[in-house]
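Peer 1: Each chain, written out:
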Amino acid sequence: MFEYAPAPESRSIVDIAPSYGLFIDGSFVPASSSGGVFKTVNPASEEVLAEIASAGADDVDLAVAAARRAFGPWSALPGAERAKYLFRIARIIQERSRELAVLESLDNGKPIRESRDVDLPLVAAHFFYYAGWADKLAYAGFGPDPRPLGVAAQVIPWNFPMLMLAWKIAPALAAGNTVVLKPAETTPLSALFFADICRQADLPPGVVNIITGAGETGRALVEHPDVNKVAFTGSTEVGRQIARSIAGTRKRLTLELGGKAANIVFDDAPIDQAVEGIVNGIFFNQGHVCCAGSRLLVQESAYDEVLTALKRRMSTLRVGDPLDKNTDIGAINSAEQLSRIRELSEIGAAEGAERWSPQCDLPSQGFWFAPTIFTGVTQAHRIAREEIFGPVLSVLTFRTPDEAIEKANNTPYGLSAGVWTEKGSLILAMADKLRAGVVWANTFNKFDPTSPFGGYKESGYGREGGRHGLEAYLA
Amino acid sequence: MPAAPAEAPAARAGRLAVRKTYKLYIGGAFPRSESGRTYLVDGDNVALASRKDARDAVIAARKAQAKWGGATAYNRGQVLYRIAEMVEARRDEFIARGVPAAEVDAAVDRWVWYAGWSDKIAQVHGGANPVAGPFFNISAPEPTGVVGVVSPASFLGLVSVIAPAIVTGNTVVVLVSAPQAAVTLAEVLATSDLPGGVVNILTGRPAETAPWLASHDDVNALDLTGVADPELAGDLERAAAGSLKRVVRPPVDTPDFTADPGLHPMTALLETKTVWHPKGF
Numbered sequence: 001m002f003e004y005a006p007a008p009e010s011r012s013i014v015d016i017a018p019s020y021g022l023f024i025d026g027s028f029v030p031a032s033s034s035g036g037v038f039k040t041v042n043p044a045s046e047e048v049l050a051e052i053a054s055a056g057a058d059d060v061d062l063a064v065a066a067a068r069r070a071f072g073p074w075s076a077l078p079g080a081e082r083a084k085y086l087f088r089i090a091r092i093i094q095e096r097s098r099e100l101a102v103l104e105s106l107d108n109g110k111p112i113r114e115s116r117d118v119d120l121p122l123v124a125a126h127f128f129y130y131a132g133w134a135d136k137l138a139y140a141g142f143g144p145d146p147r148p149l150g151v152a153a154q155v156i157p158w159n160f161p162m163l164m165l166a167w168k169i170a171p172a173l174a175a176g177n178t179v180v181l182k183p184a185e186t187t188p189l190s191a192l193f194f195a196d197i198c199r200q201a202d203l204p205p206g207v208v209n210i211i212t213g214a215g216e217t218g219r220a221l222v223e224h225p226d227v228n229k230v231a232f233t234g235s236t237e238v239g240r241q242i243a244r245s246i247a248g249t250r251k252r253l254t255l256e257l258g259g260k261a262a263n264i265v266f267d268d269a270p271i272d273q274a275v276e277g278i279v280n281g282i283f284f285n286q287g288h289v290c291c292a293g294s295r296l297l298v299q300e301s302a303y304d305e306v307l308t309a310l311k312r313r314m315s316t317l318r319v320g321d322p323l324d325k326n327t328d329i330g331a332i333n334s335a336e337q338l339s340r341i342r343e344l345s346e347i348g349a350a351e352g353a354e355r356w357s358p359q360c361d362l363p364s365q366g367f368w369f370a371p372t373i374f375t376g377v378t379q380a381h382r383i384a385r386e387e388i389f390g391p392v393l394s395v396l397t398f399r400t401p402d403e404a405i406e407k408a409n410n411t412p413y414g415l416s417a418g419v420w421t422e423k424g425s426l427i428l429a430m431a432d433k434l435r436a437g438v439v440w441a442n443t444f445n446k447f448d449p450t451s452p453f454g455g456y457k458e459s460g461y462g463r464e465g466g467r468h469g470l471e472a473y474l475a
Numbered sequence: 001m002p003a004a005p006a007e008a009p010a011a012r013a014g015r016l017a018v019r020k021t022y023k024l025y026i027g028g029a030f031p032r033s034e035s036g037r038t039y040l041v042d043g044d045n046v047a048l049a050s051r052k053d054a055r056d057a058v059i060a061a062r063k064a065q066a067k068w069g070g071a072t073a074y075n076r077g078q079v080l081y082r083i084a085e086m087v088e089a090r091r092d093e094f095i096a097r098g099v100p101a102a103e104v105d106a107a108v109d110r111w112v113w114y115a116g117w118s119d120k121i122a123q124v125h126g127g128a129n130p131v132a133g134p135f136f137n138i139s140a141p142e143p144t145g146v147v148g149v150v151s152p153a154s155f156l157g158l159v160s161v162i163a164p165a166i167v168t169g170n171t172v173v174v175l176v177s178a179p180q181a182a183v184t185l186a187e188v189l190a191t192s193d194l195p196g197g198v199v200n201i202l203t204g205r206p207a208e209t210a211p212w213l214a215s216h217d218d219v220n221a222l223d224l225t226g227v228a229d230p231e232l233a234g235d236l237e238r239a240a241a242g243s244l245k246r247v248v249r250p251p252v253d254t255p256d257f258t259a260d261p262g263l264h265p266m267t268a269l270l271e272t273k274t275v276w277h278p279k280g281f
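Protein chains in written order, with this note's numbering: chain A, 1 to 475; chain B, 1 to 281.
A few of these clues could be false.
[Unchecked claim] In silico DSSO-like cross-links for lysine-lysine, where the CA-CA straight-line distance does not exceed 30 angstroms:
| # | chain 1 | residue 1 | chain 2 | residue 2 |
| --- | --- | --- | --- | --- |
| 1 | A | K433 | A | K446 |
| 2 | B | K279 | A | K446 |
| 3 | B | K120 | A | K136 |
| 4 | B | K20 | A | K433 |
| 5 | B | K120 | A | K423 |
| 6 | A | K433 | B | K63 |
| 7 | B | K120 | A | K446 |
| 8 | B | K67 | A | K423 |
| 9 | B | K279 | A | K325 |
| 10 | B | K63 | A | K407 |
| 11 | A | K423 | B | K279 |
| 12 | A | K407 | A | K433 |
| 13 | B | K52 | B | K20 |
| 14 | B | K279 | A | K407 |
| 15 | A | K433 | B | K120 |
| 16 | A | K407 | B | K67 |
[Unchecked claim] From the derived model, a few chain A residues whose C-beta atoms are all more than 12 angstroms from chain B:
| # | residue |
| --- | --- |
| 17 | R96 |
| 18 | A243 |
| 19 | L317 |
| 20 | K407 |
| 21 | K446 |
Think of the hints as simulated: they come from the structure by calculation, not from any bench.
The structure displayed is predicted, hence computed values, not measured ones.
Cβ coordinates follow ideal geometry from the N, Cα and C atoms, glycine included.
Next up, chain A with everything else stripped away, as it sits in the complex (with noise of 0.2 angstroms):
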């Protein structure tokens, strides 16, 4: 293979400031005597990018006393008028998307061509597509009279910072609702960016506000009394103890969840194609999606194929500088996320799976992991059951169709599953039959706001995007 010469996206476009206050009600405030102070890393390099405050109890009150003292005007505000600010802000978006999408690549670790070419694209697409919503909920199914809920208290993971954060407050805000925003610790940088749009889109002080911290922050959050909604995006554990925490409560609460997504791939599929959804499948994000395709599922007679194509494949991707525009795979998120991958990797070879990785030079700084896949895997191994949000795909087999709809939906988690073959009807009973919230037929891993995302079983409940996204922020 010839070899790629750097192709740096420069970073002198993002301004990151040495320090970050929380965003209350219109403006940067540092954290009260309470909160404290943590650094947030480029994970690429394990240079400190900025110091964020952490919201402690006092600065979670003064959020969601600013939330609720807005949530009036904002909620009596004709839709149309609240339509504009969002649509506002999604302009705002799209003029500043590449700066952010080098911060979200700076502060994430993910490849500039995703978060360019994916992320943000969909972020400002998210804003415009609940920005047209806002003045016409009254035809979305949900009554006659869809009100708004209150104050919204929203959690969203490091992986997609941006998106997720998108994927909350735009629908939240266009029916009325106003927002408490926490970001993840080790991926704060992009929200503190959106305050900023929020600023420059002249929207109402206290409509968004983001408060910085870790999980401590999201707990005083989550369990604040004058919350009336819980939103939440994460591990499958955590969402366990909100639900926990909000029981007797009045406050609604969606959950979107972990996942160990089944993709399943029959013998007739187009190999070349289905093994590119495979790559994109547990490849894309370094893995670190709670739809990925983790669990391959190839049909006896095409395993060799498919396995061939498979790292014939593997063996071209590049793993490296998340800047770089010709990277595919940038770097884990954190320390703790990469020993977590290592962890059940290393189990994953001690319970007898045969591990596979192509022959990559890993940079020395940072956090970084080997696109891996195991073979052999049977429904009993550890790394079959339990998500590794990383780039390690498991591959077993099955004979005929209802022992791939079996093994796909032996799971608890039900977020997402693909399916591979030329066969419409095949394709249509499968679909039928799996246990999943978003089932990708001959792709994977497509997201739009028009289309509901959202699990069954332990994935959580709720649906974000589309008609149904709205329904989490309307009584």
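Based on the hints, put chain B in the right spot on chain A.
Peer 2: Then chain B, alone, in the frame of chain A:
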């Protein structure tokens, strides 16, 4: 429910009435409680459901779910309408069990209303999504699975929680405290072409059996509409969090079951599945 001695008309002519034995309804059969326990209601001994009965009922509901959920919407609508026919036919019996006539009529109408939703809910609640790319993208509602239900005491309340759950293909385990009308409804269901196991009815003390449903890993959703005690509701909701069950909380105000229920009783027990496929030559 007011006490109403429910002697059959034939008993009047100097003959001794044949009384009804009130049993559970599980998997299409009428077993006594596995525990052998009964409790007294208006002079009748009624089966008192146990934890084991609740677990048996979940097994029956799970077993029935795939086929019922996979039945055509047309077929499910027909079955629900058949239930309306059979409740109507037994109108006098429900009245004799203490259900006001207007409530029986409202319950019949409710079954008819939901029967008509079976083949419409997917049209109203799903549809094509115009994604920005060459993809066929469609969302359709699907049943959540097995639903544990704590029923309100009234007969119309009971119908108002069962019908929306099953019309879309869920199967249910229903806990009731007012047994006579519920057991009579079970007899209606058993003769209404409804497959065994789709509705399972456990008489007894919901406060005793509901925690087993709430913490059961093979129950997908929990409807607490009939839970009057907020503390119990909170406990059940906490238990349900273990397997991330969907929970329908008890209403804030006393519900008016005669009002238009809207879509929420159905949509609360539905998942949305979205299917993507590329378009191209």
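Peer 1: With reference to the structure, classify each hint as holding or not holding.
Peer 2: Hint check results:
1. K433/A / K446/A: This hinted pair holds, its Cα atoms lying about 20 angstroms apart.
2. K279/B / K446/A: The given pair, whose Cα atoms are some 13 angstroms apart, holds under the 30 angstroms limit.
3. K120/B / K136/A: OK: K120/B and K136/A at ~23 angstroms, within 30 angstroms.
4. K20/B / K433/A: violated (42 angstroms)
5. K120/B / K423/A: holds (28 angstroms)
6. K433/A / K63/B: holds (15 angstroms)
7. K120/B / K446/A: holds (28 angstroms)
8. K67/B / K423/A: Holds, at roughly 24 angstroms.
9. K279/B / K325/A: holds (29 angstroms)
10. K63/B / K407/A: holds (18 angstroms)
11. K423/A / K279/B: Roughly 14 angstroms separates the two Cα atoms, so the pair holds.
12. K407/A / K433/A: Since the Cα atoms of K407/A and K433/A sit roughly 12 angstroms apart, the hinted pair holds (cutoff 30 angstroms).
13. K52/B / K20/B: holds (24 angstroms)
14. K279/B / K407/A: holds (28 angstroms)
15. K433/A / K120/B: holds (21 angstroms)
16. K407/A / K67/B: holds (19 angstroms)
17. R96: holds (20 angstroms)
18. A243: violated (4 angstroms)
19. L317: Per Cβ check, L317/A is outside 12 angstroms of chain B; nearest 23 angstroms; holds.
20. K407: holds (16 angstroms)
21. K446: violated (5 angstroms)
The earlier numbered hints that this structure contradicts are 4, 18 and 21.
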